[in-house]
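Undergrad: Protein chains in written order, with the numbering used here: chain A, 1 to 109; chain B, 1 to 478.
Hint data in this document are derived by calculation from the structure and do not stem from the laboratory.
As the structure is a prediction and not an experimental result, all values here were calculated from the model.
In this text, a Cβ means the ideal position worked out from N, Cα and C, and glycines have one as well.
Some, not all, of what chain B presents toward chain A, calculated at C-beta under 7 Å:
hint, residue
1, Leu133
2, Ile144
3, Ala147
4, Ala151
5, Ala164
6, Leu168
7, Ala171
8, Phe172
9, Gly175
10, Leu178
11, Ser182
12, Tyr185
13, Gly237
Now the in silico label distances, taken between C-beta atoms and shown as ranges:
hint, chain 1, residue 1, chain 2, residue 2, range
14, A, Arg26, B, Pro369, 47 to 55 Å
15, A, Ile54, B, Ala267, 22 to 30 Å
16, B, Ser229, A, Asn2, 43 to 51 Å
17, B, Gln471, A, Ser87, 47 to 55 Å
18, B, Leu36, A, Asn28, 38 to 46 Å
19, B, Ala322, A, Ile54, 34 to 42 Å
20, B, Gly468, A, Ser87, 43 to 51 Å
21, B, Lys35, A, Ile75, 40 to 48 Å
22, A, Asn28, B, Leu469, 47 to 55 Å
23, B, Thr103, A, Ile90, 21 to 29 Å
24, B, Arg294, A, Lys97, 28 to 36 Å
25, B, Gly43, A, Ile90, 30 to 38 Å
Derived coverage of chain B by chain A (criterion: at least 3 residues anywhere in the stretch with Cβ under 8 Å from a Cβ of chain A; other residues may be distant):
hint, region
26, 135 to 143
27, 186 to 192
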Amino acid sequence: MNIPVASYFILSTLLFFIGVYGFVARKNLISILMSIELILNAVNINFVAANRYILPNLNVDKPLMEGYIYTLFVIAIAAAETAVAISIIINVYRQHKNIDAKSINELKH
Amino acid sequence: MDYTNFLFMNHEISLVVVMVLVLLTDLIFGDKNKKLCQYAALGLFLAHTVLGLYLGHISDMGNSSPEVFADMYITSDMHILVKNILNIGTFLVFMFAFRWNTTENKEHSSEFYFLTLSTLLGMYLMVSSGHFLLFYIGLETASIPLATLVAFNKKQKESAEAAAKYVLTAAFSSGVMLFGISMLYVSCNGSLYFNDILEAFDKQPLQIMAFACFIAGIGFKLSLVPFHSWTADTYQGAPTAVTAYLSVISKGAAAFALFCIIGKAFAYAPEVWKNILWWLIVITITIGNLFAIRQTNMKRFMAFSSISQAGYIMLGVAAGSALGMSSLVYYVLIYLFTNLAAFGVISSIENETGKLNRDDYDGLYETNPKLALVMMLAMFSLGGIPPFAGCFSKLFIFISVFEQKEYLLVFIALLNTVISLYYYLLVVKAMFIKDPKNPIATFKSDNMTRVGLIICTICMIVLGFISGLYQYIESISF
Chain A
1 MNIPVASYFI LSTLLFFIGV YGFVARKNLI SILMSIELIL NAVNINFVAA NRYILPNLNV
61 DKPLMEGYIY TLFVIAIAAA ETAVAISIII NVYRQHKNID AKSINELKH
Chain B
1 MDYTNFLFMN HEISLVVVMV LVLLTDLIFG DKNKKLCQYA ALGLFLAHTV LGLYLGHISD
61 MGNSSPEVFA DMYITSDMHI LVKNILNIGT FLVFMFAFRW NTTENKEHSS EFYFLTLSTL
121 LGMYLMVSSG HFLLFYIGLE TASIPLATLV AFNKKQKESA EAAAKYVLTA AFSSGVMLFG
181 ISMLYVSCNG SLYFNDILEA FDKQPLQIMA FACFIAGIGF KLSLVPFHSW TADTYQGAPT
241 AVTAYLSVIS KGAAAFALFC IIGKAFAYAP EVWKNILWWL IVITITIGNL FAIRQTNMKR
301 FMAFSSISQA GYIMLGVAAG SALGMSSLVY YVLIYLFTNL AAFGVISSIE NETGKLNRDD
361 YDGLYETNPK LALVMMLAMF SLGGIPPFAG CFSKLFIFIS VFEQKEYLLV FIALLNTVIS
421 LYYYLLVVKA MFIKDPKNPI ATFKSDNMTR VGLIICTICM IVLGFISGLY QYIESISF
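Next comes chain A alone, as it looks inside the complex (with noise of 0.2 Å):
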């Protein structure tokens, strides 16, 4: 089966904005998050796939990886992120008894 090339993109856009969507519209702390994991999954999508077909391996001896190598790092780096923000969602709960963002609202003018 052969998938065109534009509809990597075209799932990594959708995601992104699926994403910035859930950001904006979701009250509950946890979705938020996952919202943000949407995201940065769609930025795994992108480097990926244009790693894979727009720039492939020209060069035997010098592969182009850049792309993949990128996307391990963000892959990690978005693990540690989840945990500390889960930690931190956790305490809001213990101080706070809801993770409910329209009722966190101490700080305000």
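Starting from the structure of chain A, add chain B where the hints point.
TA: Leaving out everything else, chain B in the frame of chain A:
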């Protein structure tokens, strides 16, 4: 592999050694003697700062801008100077945080030092990156531990809320920035080295979109205006030491990194970024100022003041010339001392009485004249009243933009200086003129804070007159 490359990374290596030693002292002595760990951390970091000032002039190594690790890591005398400035600022923050670390935060003081130093390491990497991968790693190394620092008052509702806001917006902004970088990767022939992007950037629509995403991502870090909504809440909820760190160190590092990236990767397409930056700066300065007027909480007030100051720092980026770089670094240096002086006063009053509102500062001059004097100097310097250092840094940064024939931008920035004077003087008025109903009692702040405040005050008054300093910065800017 060529191990001599590591010689150029002496700042990073020395900082990692300090971090490991801080952890080790806490592991060995932490149970019995927390105070010893604190002094060890302070002493080690002081040693690192002094060492950084003396070691590592790149030009002495025979190569003024070496390409380390296949161009991944860039260093020069300017990068070394910026790292030294960040070091000095961090040390001042540590001094102001000493009291907090010996009382409220005694249990976790070593963690505070370790996390702050790891953000500093991230900023080092961000500043001297030559590739978007290292830039991203540096940015995240700087912002993930900062989120935990914001949440440091574990038992406080405000701190938890501020941290949640910070970590979510930081993750979102780096996601947007990464999306931009991935589009840049697609459209620039599959290389993310700044040097390769410089050649490949030919203003395709995809590239311009990628650049806009990138600016949005870093705009969050710098708290430029459309992306600033996290700033006030995070600054208010975070522990005061962390607020000071956020407002000065992380902002200065991000501004310099942005300058380097724009100067290296997008230098051939100034018409693309000049327009974006023009609008960003105008709204950042104006909105920051207008919102600062109506704040009564001092930390929130400083947050909006630092938003508008970030706009002034961005003027140096908009100039985009060697003069722009030297005036940007000079501005960051002066801003560091000035803002930290203000935060030193705020944190010492908060530690003593827990009061944070501007109304609480009424009549501060009668009870605590020295603190009021330092605060007044800081406000004058932030507002740019001569002969304090803030005036000179504003002057240089305006000159650098004026040289680029951006007259309207300079005019708007000047107008905003007048507005900013109003709210800075409101604080001075509260301290000196208003009748105190419920004045803050006379108190003596601890020695560390006092030494820090004295250093800041001297630098605020004297640095503007030391012309050699600016000449040195100018001689090494590129």
